[in-house]
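Asks: Take a look at the letters that make up each chain.
Protein chains: 2
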Amino acid sequence: MGRIDFDDLSGSLASSTALITDITDRDAYLHDATEERGTPLAIVFAECEDDIVATVDFCRRHNLPLVARGAGTGLSGGCVPIDGGLVISTERMKGLRIDARQRTAVCGPGLITKQLVDAATEYGLTYPPDPASYDESTLGGNVAEGAGGLRCKRFGVTKDYVIGLRAVTADGRILKTGIFCDHQAFGLGDLLIASEGTLAVISEIGVRLIETPAIGTTILAAYGSPEDAAQTVSDITRTGIVPTVLEYIDGDAAACSNEYEKADWLDDRVAAILLIETRRLGEDTEKVKHLCRENRCVYLHVEENAAKADRLWTVRRNVSKAMKALAKYRVSEDVAVPNSRFPVLVAFVAEMNRRSPLRINAYGHAGDGNLHVNFMSMTGSDTELVAMEPEIERLLKRAVELGGTLTGEHGIGLAKRKYLPYEFGVATLDYMKRVKRLFDPANIFNPGKIFPTV
Amino acid sequence: MGRIDFDDLSGSLASSTALITDITDRDAYLHDATEERGTPLAIVFAECEDDIVATVDFCRRHNLPLVARGAGTGLSGGCVPIDGGLVISTERMKGLRIDARQRTAVCGPGLITKQLVDAATEYGLTYPPDPASYDESTLGGNVAEGAGGLRCKRFGVTKDYVIGLRAVTADGRILKTGIFCDHQAFGLGDLLIASEGTLAVISEIGVRLIETPAIGTTILAAYGSPEDAAQTVSDITRTGIVPTVLEYIDGDAAACSNEYEKADWLDDRVAAILLIETRRLGEDTEKVKHLCRENRCVYLHVEENAAKADRLWTVRRNVSKAMKALAKYRVSEDVAVPNSRFPVLVAFVAEMNRRSPLRINAYGHAGDGNLHVNFMSMTGSDTELVAMEPEIERLLKRAVELGGTLTGEHGIGLAKRKYLPYEFGVATLDYMKRVKRLFDPANIFNPGKIFPTV
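In order, the protein sequences belong to chains A and B. Taking my numbering, the leading residue of the first sequence gets 1, the next gets one more, and so forth. Taking my numbering, the leading residue of the second sequence gets 1, the next gets one more, and so forth.
These are calculated hints, taken from the structure and not from any lab test. Take these hints with a grain of salt, some might be off.
In silico DSS-like links for lysine-lysine, alpha-carbon gap of 27 angstroms or less [to be verified]: (1) 94(B) x 321(B); (2) 114(A) x 324(A); (3) 433(B) x 433(A); (4) 159(A) x 321(B).
To list a few chain A residues with every Cβ distance to chain B over 10 angstroms, as calculated [said to hold, decoys possible]: (5) 351; (6) 423; (7) 442.
A few chain B residues facing chain A, derived, Cβ under 10 angstroms [unchecked claim]: (8) 16; (9) 194; (10) 299; (11) 385; (12) 386.
C-beta atoms are modelled at their ideal positions from N, C-alpha and C, and glycine is treated no differently.
Based on the sequences and whatever the hints tell you, model everything.
Replies: What follows is the structure in structure tokens.
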């Protein structure tokens, strides 16, 4: 391939600082929160939809891959430029218009999730989907990966809040859905959600907001066995209680967080923790406490004070960062299974950990049956690294056998693409690929993601 | 076209009674609840997914249109066989498996919505989307048309409850989504919702159920002007109250229902009614009453007794049937606008009615900004019939101008296909057509619906 002349592109962008061809010291743009990496030819910092159109047109003309990225907090390698080409960052597109009366917001894809939440709070409103990285992750990234979050058990995931999208298609046109135009026919907007930048580049996002929920009651329950904690989760669901948050953290995951925080509150006998938020003044709190005790919890603490409750959540918030910091190499999977099978899945992970040279632990949005299973190589030795892939395969197979899915919220990206046939039938996979080819016939958008080949 | 030999098809169907080629006395299968009609060559009463596959294969081989239908209660002509071909009715596919623990149900497409609700009730659960025809309409029809309903303000529409689909594609394969296999990638399941039988034939539907909500309080408020009623709706939304049901019925629509029921409770001075259900024992009831009074309601009745409340709802339940019975020719539109623009829309309809030779009135799910506007020719005279289309056009244009949509829940079908360009941009329409061609390259599934041409 001959040298590509980027002047053409840079001349058609709104700002003179929008195009970077010297990627030295731009390491952050080569990866996400996985261990995957790639090196782009250039990075475009789009400031408006027209910049995206210009970049797409340029890539189409030069047959270059184009990888869109938000904040790079993803956990599936979705925004890693493995095939070079261009990275387009939408981080400068932070537009925000809140319509408090309609309870809607129109956001730039680069708006940070927490910025939206903070702005909505001033109107007594909130945007519920709260991925653990919500103080860094962008709305565009959330939509592209189909992000979930802690409060999703009660309030739903990203998809449940998106009411419209604008996106730039491979032919450089603007696709408008929902409030931007197409209200329901053929659900084109839904098609883009969780499509991981493989179909179009999202340029604007309409979301609905809800009234800020009252501050709830936090319950911390610790258990002597993961199965007892998981059985509590299953029982809570079965009895029809819908907590705002229902998080599971196994003892080893909690120990990582504890070590990272240099805290020492965790007892060695704790094999699993549940962190639960219920609605205050409801009967739910009493019912939940009862179910925790019935499943032999060894410690139970109910916190009504918001500041103190917030400290209890630290262990959960830091757990992913802690593992990444402690391990030489870490892969985080996010399988999900029906609630009734959650105890089986948790027991399976505990058994894997006992047998494996790796440190394998788990935490996650238990209320949704979503478990983040972490495979950590602490020494980086060959024995450990070689052991990793077969273990991951066993987990993913088991999750699908239990009626579950490869990914609850992180996306397929690079990390899970080769396991797609575990979950998807031949016809379904074929239609997914046909949709990809329809939207992106030249395969310039995020090539290699989701499918190894199209 | 030569005579088609149906023996081939009938031999491959599960039951000997599944194929009907003599359509005498099968008038019900020639239309839906609109005035549109078409005559098929044959009707297949599918009893299982294999019957659907056999029928799709037959139609593909003979290049015959295939129009899927549920109960034919649709209001957009979606299931009318305008191009002949075959009609496939899924009314015999009434399978139902409820998993009370997971709060899910797997339903045949021919299951009647009310059958699902009744069965779920035995477990203390319910399926909330309740189109007005829910005691006749099928789940398959609800999914195909993207049905809404009275309770959708609080609980959401069909799309919010579908957790998986199985569908037969144009090449006779089974596409599985959600709980049947594909959990999120590319939202293929969402793509099928509201696609009106143009992409695939739905063969099985997974839905989630919720705990049966407590019986609420019904509020009936009558107004001297439609604008006052509409302003109450807008105010309720703005203050953040989410009633279970929030229905608007203008005085003339209520008079139709009244006449049909041979009731005489309606006062001539009533220009509009709101029927509202709030959660019992909540503060909402008091706030709603206050807002009704603030907007000059002339009559206000609060009903706690469930049986008595049920009688109040009769006026709403019968309104559509009443108009169809009273008018010589009736077209029902279902535009929707943002809540804050609802008063403007309602005033627009009142003004149309004043000027027009037609009887034009409106009712609908005001809480969602959804207004069913009815254009009734009472005499069937040429003057009236000629006046109809320009009036409908004016309404649809105005709804889109107000930031709204052509259809809140009835679908595009035949009725609104020529108005699509009002709402959809060229690029979006183009992608919708591309999706159609991808799924159905020979255009056998419900040709002519949604798009005049593909």
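Asks: Each hint needs a verdict: does it hold in this structure or not?
Replies: Consistency of the hints with the structure:
1. 94(B) x 321(B): holds (26 angstroms)
2. 114(A) x 324(A): It holds: about 22 angstroms lies between the C-alpha atoms, which stays within 27 angstroms.
3. 433(B) x 433(A): Holds, at roughly 17 angstroms.
4. 159(A) x 321(B): Violated: residue 159(A) and residue 321(B) sit about 36 angstroms apart, past 27 angstroms.
5. 351: holds (24 angstroms)
6. 423: violated (6 angstroms)
7. 442: holds (15 angstroms)
8. 16: violated (29 angstroms)
9. 194: Cβ of residue 194(B) sits 5 angstroms from chain A, so the hint holds.
10. 299: violated (28 angstroms)
11. 385: violated (28 angstroms)
12. 386: violated (29 angstroms)
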